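Enquirer: Each chain, letter by letter, is given below.
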Amino acid sequence: MHTFFLTVALIVLAAVLLSLYRVVRGPVVIDRIIGVNVTGTKTITVILLTGFLFDRVEFFIDIAFVYALINFIGVLALSRYLEQRGVTPRRPTS
Amino acid sequence: MTFVAMVLVLAGVFFLTMGGVGLVRFPDFYTRMHAAGKCDTLGVLLVLVGLAIFEGFTLASAKILLIAVFLFLTSPTATHAIARAALTHKVELWTTEGRSEP
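Those protein sequences? They're chains U and R, same order as listed. According to our numbering, numbering within the first sequence proceeds without interruption in unit steps and concludes at 76. According to our numbering, numbering within the second sequence proceeds without interruption in unit steps and concludes at 157.
Read the hints as simulated data drawn from the structure, not as lab findings. Owing to the predicted nature of the structure, the values given are computational and were not obtained by experimental measurement. C-beta: ideal position from N, C-alpha, C; glycine also. A few of these clues could be false.
Unchecked claim - Capping the alpha-carbon separation at 25 Å, the derived lysine to aspartate or glutamate pairs in DMTMM-like fashion look like this:
hint, chain 1, residue 1, chain 2, residue 2
1, R, Lys118, U, Glu40
2, R, Lys118, U, Asp44
3, R, Lys145, U, Glu65
Claimed, not checked - Stretch-level coverage of chain U by chain R, calculated; a stretch enters the list once three of its residues show a Cβ under 8 Å from a Cβ in chain R:
hint, segment
4, -15 to -3
5, 14 to 22
6, 25 to 32
7, 37 to 43
8, 55 to 63
Build out the structure end to end from the sequences listed, making use of the hints.
Expert: In structure tokens form, the structure reads like this:
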């Protein structure tokens, strides 16, 4: 079971790298925000799997819950701010 | 019971990975939003329910289910807020003829 959790956590970390690529190379600023949102959601899974790996689920659950709260409030504040200030539409450099 | 948990976790990891691939591969902001919003919500929900089943009837599994309910409420809300900010300021839309305004 330990190997299973380790494998799953490594696969999710690879998916986190895929979404971090969008954060680095987002053509518009709002692409970066959605990349950050997806990264945070996947990190919650990685935190819980780390708790199962080290047999300390009770502690890591609270960390994951606080992480979910901060992620949600941060993304919501950023999107409201950009809605007022305006997204500068640029041509993507693809 | 462990087998059910493993199947749920593997299904969730599949959806998470497909969401990441879609976030990289899709050509447009709105299509990327489509991949990220739905795949992430379903994938995290499946993984958390699988982990709760693996844990059994304890306080920890109740907390994991609480996180799942919280994510199920907040993840579509965040996605909707981002999409609304993009639509208000007319982020470019991808078409087959080229790029155009929405």
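Enquirer: Please list, smallest to largest, the hint numbers that this structure does not respect.
Expert: The structure breaks none of the hints.
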